[in-house]
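Student: For chain A, the structure is supplied; the task is to place chains B and C on it using the hints.
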Amino acid sequence: MTAEEKAQVVLRLDGITKRFGALTANDTINLTLRQGEVVALLGENGAGKTTLMNILFGHYVADAGGVEVFGHPLPPGNPRAALAAGVGMVHQHFTLAGNLSVLDNITLGTKGLWSLGSGKSAARAKVKALSRDFGLVVDPGAKVGRLSVGERQRVEILKALYRDARILILDEPTAVLTPQEAEALFATLRRATALGLSVIFISHKLHEVMSIADRCVVLRHGRVVGEVDTHTTDKTQLAALMVGGELTLPRAEARTPGAPLLSLERVSTPDRGAVPGLKDVSLSLCAGQITGLAGVSGNGQAALADLIAGLALPASGQLALRGSAVVGWSPRVALAMGVGRIPEDRHHTGSIADFDLTENAVLEAYRTPRFSRRGWMDWRAARRFAEELIKGYDVRCPGPDTRIRLLSGGNMQKLILGRAMAPDPAILLANQPVRGLDVGAIAYVQSQLISARDRGAAILLISEDLDEIMGLSDVIHVVSQGRLSPAFPRGSVAVADLGLWMAGQGFEGGRHAA
Amino acid sequence: MRLEPIANPTTARRLGYPALAILATLAVAALLARIAGADPLAALGQIATGALGSKLAILETLNRATPLIFTGLAVAVAFRAKLWNIGAEAQLYAGAIMAVVLGTGALGSPLVLPVSALAALLAGAMLLLGPVLLKTRLGVDEVVTTLLLNFIMLLFVSYLLEGPMKDPMGMGWPKSAALTPEARLPRIVDGLRLHWGFGLALIAAVLVWLIQIRTTLGFEIRAVGQSPEAARFAGMPVNAVLVKTALLSGGLAALAGWSEVAGLKGHLSQDLSPGFGYTGIIVAMLALLHPLGVVLSALFVAGIFVGSDAMSRAAGVPTYIADMLLATALLFMVLAILLTRVRVVRG
Amino acid sequence: MSEVIDILISASFWAAVIRIATPLILATMGELICERAGVLNLGIEGIMVIGAFAGWMAVYQGLPLWGGVAVAMGAGMLFGLLHSTLTVPFGLSQHVVGLGITLLATASASFAYRLMLPEVTSPPKIEPFQPLDIPVLSDLPFLGQAIFSQTALTWAAFAMAGAVALVLYRTPLGLAVRAAGENPAAVEAQGLSVTGLRMGAVMVGSGLMAVGGAFLTLSAFSSFFFEMVNGRGWVCIALVVFGAWKPGKAVLGAILFAAFDALQIRLQQTPIGAVLPYQLFLAAPYILSILALVLMSRRAEVPAALMVPYNKGER
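Protein chains in written order, with our numbering: chain A, 19 to 532; chain B, 1459 to 1805; chain C, 725 to 1039.
One chain only, chain A, in its complex shape:
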């Protein structure tokens, strides 16, 4: 390596190792980043990407190994030092305070805590200049809580740029964007690299990696399993590297649907702060059909899910089951009417962390005669049921007395899936059923959804992942700003078109940009 090439290295990770208990999240990882370069960090969920970046940024301390930025070692466990060295991180879950303004969020921690005055006008000017230079339009005075997800991401990037970051780390940045918004983000990143910044781009989406990155480092089970030039490889090769074999996710075959089991007739629900409610939505879920709901998060999916789960009632319009309007709608009634539910947040909504598997297994059905009589629980029956679920749904765990918090996300989801499937529901709500799971668990959950459909269940699949929606759905709707697109049968629509709908184009009443 010549001296000149060496000078170009802006970041070097050297032998990073991090263990959490028995799990080795990062195993002697080496990585270099050069000036003006985009390096993709590719790997499936749980491969150790986020842990590695958290070490780089000082949220975690590595058990072994070191970080060098611009040739200087970075002290471990110190986000302040990482920031000062020019490392800026855009987290997957935004770290913004919703009640504060954009400007406050950006300037937080940039001036000495004990300095007097806030110096807001100078800060505002700098933010405006950065917005212009990088194409990141956002109103500095707006409250962050009122911004769309795409705008919040721009604030996150501005936060890093405001601190004169030379290295940008983006953790799964496109997960919350429409395809078009993702393109705009890539344009911003290209501008940034042209100006001499370097970017680490964390993703598990192959096509994005191929389109934005110069180099790609592939992580599996906490190890670097390959480093490839994106110009000399293809998606298949990358996929094989990422999962360590052929990538086979189930795809549903077309079927003829049955009668509508659940229908929404011109339903509207109230807005929740900046998140829109449903706006005049009509939808039918038919027997033997998977209905996919695509859309950027925060566009009304939660309102629809709550409605079907029994947690909310329509403000106007009608919710009908098997043709008749629901009465006294509640989660308990929904369950009794044969609606199975897989909630979006398995940790906080789907399970109770400190309850054991037995208790979590009967959380919905504890009042049925099988598990209780006259208010007295039959814990023996409950335990037998939990054992059935563990066996039937391949939940890997020490036993039914284990607290569910000790299970991996995949095994937790399998228990919740089993709980929802056990009464053989006619209608199934699957809200983000595979988010954050590893490939094995994804394949398992998806194949279970398909076999439920084949048994005649009407399934609503809500997901932000278009690949998942396209792969599983018999019919697809897009939700944007609370409005529902027409139904697109399997194979009748292209990703780009879905993207336009996701951005709010095509709806009656014109084009509201998201």
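Please keep in mind that the hints were generated in silico from the structure rather than gathered at the bench.
If a hint is listed, it holds; no wrong ones were tucked in.
Lysine-lysine pairs mimicking DSS-like chemistry, simulated, CA-CA at most 30 Å apart: (1) A/161 <-> C/970; (2) A/146 <-> A/129; (3) A/161 <-> C/973; (4) A/297 <-> A/161; (5) B/1723 <-> B/1624; (6) A/129 <-> C/970; (7) A/138 <-> A/161; (8) A/253 <-> A/223; (9) A/144 <-> A/161; (10) A/161 <-> A/146; (11) A/138 <-> C/973; (12) A/129 <-> A/161; (13) A/129 <-> A/144; (14) B/1540 <-> B/1702; (15) C/973 <-> A/129; (16) C/970 <-> A/138; (17) B/1723 <-> B/1513; (18) C/970 <-> B/1540.
Not everything, but these chain A residues come out facing chain C in the computed CB check (under 10 Å): (19) 76; (20) 98; (21) 100; (22) 107; (23) 111; (24) 113; (25) 116; (26) 117; (27) 118; (28) 122; (29) 127; (30) 128; (31) 133; (32) 177.
The C-beta atom is built at its ideal place from N, Cα and C for all residues, glycine as well.
Tutor: Leaving out everything else, chains B and C in the frame of chain A:
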């Protein structure tokens, strides 16, 4: 520093930290005695003999533990559902008032005890119903409302004792008339100064325990306490569960006041409770909210109070040492319980 | 009704309002700082007791009055340190720890009192803060007696409320404290220490609470009684909610509350007081606090991370 959960804590860890908390509390006790100019070891010994050293001392401790079992259970039940009932003191007085209202002559003899117990139960339950409805309907924090109700209730009792309930034979002291003999709780054993309130407290503890582990309501209470969001999603009527919990909790606390009046004092006065309602919080926390543990921890706490009184008389250490020790024990214990489950790691 | 109007137009009434409001303002500001950083401090009642006791005892032992204030503040901060150590890095239940702190602080005050004054039957008095004589202003008719007859500690309390508002809304430190109460992860991501900010806020807040307590002994009553705080701390927690976590509104709430308190004391002396039991008047402030909570229940923007412990790296 960062806290990292431990999947399977060792037995040594699970017992070691609480033991350490008790040792640390004893160390604080010795230190305080030392500061007060007493011989630390002798003072600790005097607390122990004062609480357990004689038949009389043991009876005194058991009597003192009785209201604490009730208030401890009340707090344990409520806290299990994360319903922060800090108003056990007010509910206790509500029960005491019922004991006087129904126990001073109006009712026929065989009925008076069960009826006044039931009335006390209801009065306490009703008193907590207000704050819990404000919480479920309007989102008003129940900590402050229940706390403030304690002050309002004490003033109400003062009003009653100086007005409508004042004992005409009381020679000017603000106290109620005495209960009729039929309205008094009998002693468990003739000749021993221990009334059936203690027995009822033990029965209540067992019942609460059964409710918690064996019934659907107990399951609901625990689920709502752990995660209202998950409980609601699973179809549990979260607000109704909170209301039921409140009724149970308020009722239990009221029985403390009822049993003090009907069992021990025989009348109501302004100083009926030296903070049994507040001490119930410590009793419940030391018991880790376990109903049977409440019995043990109430005995322990009562022992500290009775023993400290005796030690104070003998060694001249201010009797407030008991409150300090209990507060210290509480803080050490919650920390110790945390450390059985997590490990403190760097970064 | 005419009795009420007579009271409302008397200068001594308004002087009393401001005097009664002073400890509430101090302690409410203290609680507000804690809660803005994301920590509910239920130790407030006990911390006010220890402040009242420590300040008074220090002056009784020969320290100047301001020395007493400093001692009270130090005692409050000590308990704030204990509170925040348990609730911030260890993330223990803020309810349980807060109540434990209240008990510990109250018991410590009682214990120390008995230890230092074993034989006394009535507590000794100290020479308290005297009303500040401000040239011209103090001689104004009505206003002179109503407003410009207060002690230095009262003026300091109002100045402190202004300073709290200024720091919270106009400095980087205030922004960081507010952000810690809104989203601690945002604070951490910007390289600041959530633990440091929260612990600091609780300590400073507890110091203010203790000075609020010390006002009772050093300015209002010149002596220490066991029951003297008498629920004022809990009232302050209600006032923070009533003030929607904003310093200005909280001060207004404290003054409003004090006005009702001063009114009920005076009404007891009137014919109305002869008809109604005096306990009803005494209960009025507590009833009022509950009403205030009910009125404000749905309106305020609660700090989003209030009572949510933050454990680094867990998200």
